[in-house]
Structures are given as C-alpha cells and as structure tokens.
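Colleague: Chain by chain, the residues run as shown.
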Amino acid sequence: LAKTTQPISMDSYEGQEVNITCSHNNIATNDYITWYQQFPSQGPRFIIQGYKTKVTNEVASLFIPADRKSSTLSLPRVSLSDTAVYYCLVSGNTPLVFGKGTRLSVIA
Amino acid sequence: SAVISQKPSRDICQRGTSLTIQCQVDSQVTMMFWYRQQPGQSLTLIATANQGSEATYESGFVIDKFPISRPNLTFSTLTVSNMSPEDSSIYLCSVSSGTGFYNEQFFGPGTRLTVL
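Here the protein sequences line up with chains A and B, keeping their order.
Each residue of the first sequence is one higher than the last, beginning at 383 in the numbering used here.
Each residue of the second sequence is one higher than the last, beginning at 59 in the numbering used here.
Don't take each hint at face value.
Across the chosen pairs, the derived CB separations fall in these ranges [claimed, not checked]:
id: 1; chain 1: A; residue 1: S405; chain 2: B; residue 2: D84; range: 34 to 40 Å
id: 2; chain 1: B; residue 1: D69; chain 2: A; residue 2: Q424; range: 15 to 21 Å
id: 3; chain 1: B; residue 1: D84; chain 2: A; residue 2: F445; range: 30 to 36 Å
id: 4; chain 1: A; residue 1: K434; chain 2: B; residue 2: E112; range: 32 to 38 Å
id: 5; chain 1: B; residue 1: P129; chain 2: A; residue 2: D449; range: 23 to 29 Å
id: 6; chain 1: B; residue 1: Q96; chain 2: A; residue 2: F445; range: 29 to 35 Å
id: 7; chain 1: B; residue 1: G118; chain 2: A; residue 2: Q424; range: 20 to 26 Å
It is worth saying that the hints were derived from the structure and are not from the lab.
From a predicted model like this one, the values you see are computed outputs, not experimental measurements.
Even for Gly, the Cβ is constructed at its ideal location relative to N, Cα and C.
Bound conformation, chain B alone:
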C-alpha cells in the first residue's frame, strides 16, 4: 500500500489568484493522478502525471489552467490558476500500485478549495 499526504488540506482563496497543491507519497510510484470532486458529486480525472514526461490532460482540462509538476517518483504538484468560484471543489491526488490504469489506486485525503 501507499500513504499519501496532501497540502494544504483546505484553503479559501480570492478569485484571480492561484493555488498550488502538493502531493507526497511514502514510496516511489510511476503513475500519479489528479482528480476533482465537487461536493456530492463523483470524481473527475484532471490529468495523469508520470515522472519524466508531460502530464496527460483529460478533455476539458488544459495545462494553462492546471499546470502539473512531477519532479520525482514521490512528489507532484497541481496548480489551479486564475481561480474563479467554479473552481471550488475537492482536489485529490492518487497513485497506482502498478503501471496500468487498472491497478489499485491509493488516494490522498484531498484538498478542499473554496474560491470567493
């Protein structure tokens, strides 16, 4: 298994600003993922972040809005840029136990973002 921590756990931000969320894993992993979950809703994948390559973004998400870094096998950051109230959500990172999308994923506790 993997233990994942996220910082910050929650934040309240003003519109037009940016927030960087950190994800730290206690072991080296190949595949990391960033999700968004609005209150009471399901999870939506933002992007897949593999070390040593550019993140792969899902439809509806772009690098300019959600830049991602993956400097090593235990760490990643997601930045939410030029925020608006519509970006208020819970942002979760996860890691795969293997190299396939079907492998068990371990999720972090999430970062609850409120944009005013």
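Chain A on its own, in the form it takes in the complex:
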C-alpha cells in the first residue's frame, strides 16, 4: 500500500502557480519526502526531495511543516509542458512505493 495520499487530478491555466499537497501521516523519522514527475511513455523523473522545512530548486519548491505529516509541491508559473503525473513518495530504509499520483493538466 502507498504511504501517501494526494489528489487524483488537478487543472491549472498556464502561468499560474500550482500547489499539490500530499498526506503522509505515518511518515517515519528516517523517511525523506520525494516528488517525481512522469510524462506519457517515459519513466518518472526526480523533481525535488526534502526532509523538513522548505527546499527550493530550479523547477519547484517543497514545503514541509514541522510535524512532517504532509508536504506541498509548488510549481511556479506552469506551462503546457508541465502537464504530467506527479508522484509523492516517502522512503528511508525501504523501497519506494508509488501511489496513484496527481494528474496535472495545464490549460492554455
């Protein structure tokens, strides 16, 4: 069973900021939170990873509250090319378990 819960789908217009929230109530002390992006007919691609507080890279930000029971992936100013499935995973000493992911559709 997936350790995370996230919305099945989201729609957004181009240029908007998109926030996808993931719940992981049973996260373990040594678990990291990782997000992957998958386009059709491709393997998933790593976006960002964090343990606590905020992490930012060139494509996204990851916000993690103090209790670490949830996290929010923030995509600034999305474009049509950001249409994909986004997976939130938690893992430390155990293999990744992919949930259903969030299917983001960006509309012109």
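Starting from the known structure of chain A, arrange chain B on it as the hints suggest.
Modeller: Using the frame of chain A, we list chain B on its own:
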C-alpha cells in the same frame, strides 16, 4: 545523473514464451530496480537487484516468474517467463544515485510488452 537504456523498447510475444529485457547504465551503480507499470496505472516495484547478491523480490513477485541477473555494476536483465496476457505492461528499470532507497532514482525509457 545516469543515462539508462533498455532493450527492447517494445515487443509483442505469444503466451507461454519468455522475454528477457536488458538494462544498461552509463556508470557504475550499486542499486538497480525493476518496476512494472500497466497502462494508466502507477508503478509497482518487482525487485531490487544488487550486484553480487540475489535479487530481493516484492510481495506478489517470484524468481521463477521474473528471474533477474546482475552480472556487474552497469547491467541487469529481467526475464518475464511463461508469459500470459496479464503480463502485458511496461517494464522499467531504474538505478539509485546512492546506496539508500531514498536516493534519487533515474529511470530508463521502459519496455512495452504485449502478450497475445
């Protein structure tokens, strides 16, 4: 980062036959993984393949059905044995950037298998 190639990219097979999928990485890696993804579905881990040891299979997957080889640090194969239409899926290999499950994984392009 790591660049991963898989062969074949796709295949159509008859039931009862076997197919071996190859995964080649452009650098030496410790941990390699094999996943299955049915169309429109999420990924399911089949097994973890570390060089020099037997593969570790996840619940629901057995070595007789999915034998795995890991002869060196840049190569692995997954065989889908005695195939049935239920084995039709995309099979992906991935590698870890480190020695932990939480480390960034790089995925191959996948092998699309159709069993008739």
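Colleague: Now tell me if each hint is right for this structure.
Modeller: Going through the hints against the structure:
{"no.": "1", "hint": "A/S405 <-> B/D84: 34 to 40 Å", "result": "37 Å, holds"}
{"no.": "2", "hint": "B/D69 <-> A/Q424: 15 to 21 Å", "result": "18 Å, holds"}
{"no.": "3", "hint": "B/D84 <-> A/F445: 30 to 36 Å", "result": "34 Å, holds"}
{"no.": "4", "hint": "A/K434 <-> B/E112: 32 to 38 Å", "result": "36 Å, holds"}
{"no.": "5", "hint": "B/P129 <-> A/D449: 23 to 29 Å", "result": "45 Å, violated"}
{"no.": "6", "hint": "B/Q96 <-> A/F445: 29 to 35 Å", "result": "32 Å, holds"}
{"no.": "7", "hint": "B/G118 <-> A/Q424: 20 to 26 Å", "result": "25 Å, holds"}
Violated hint: 5 only; the structure is consistent with all others.
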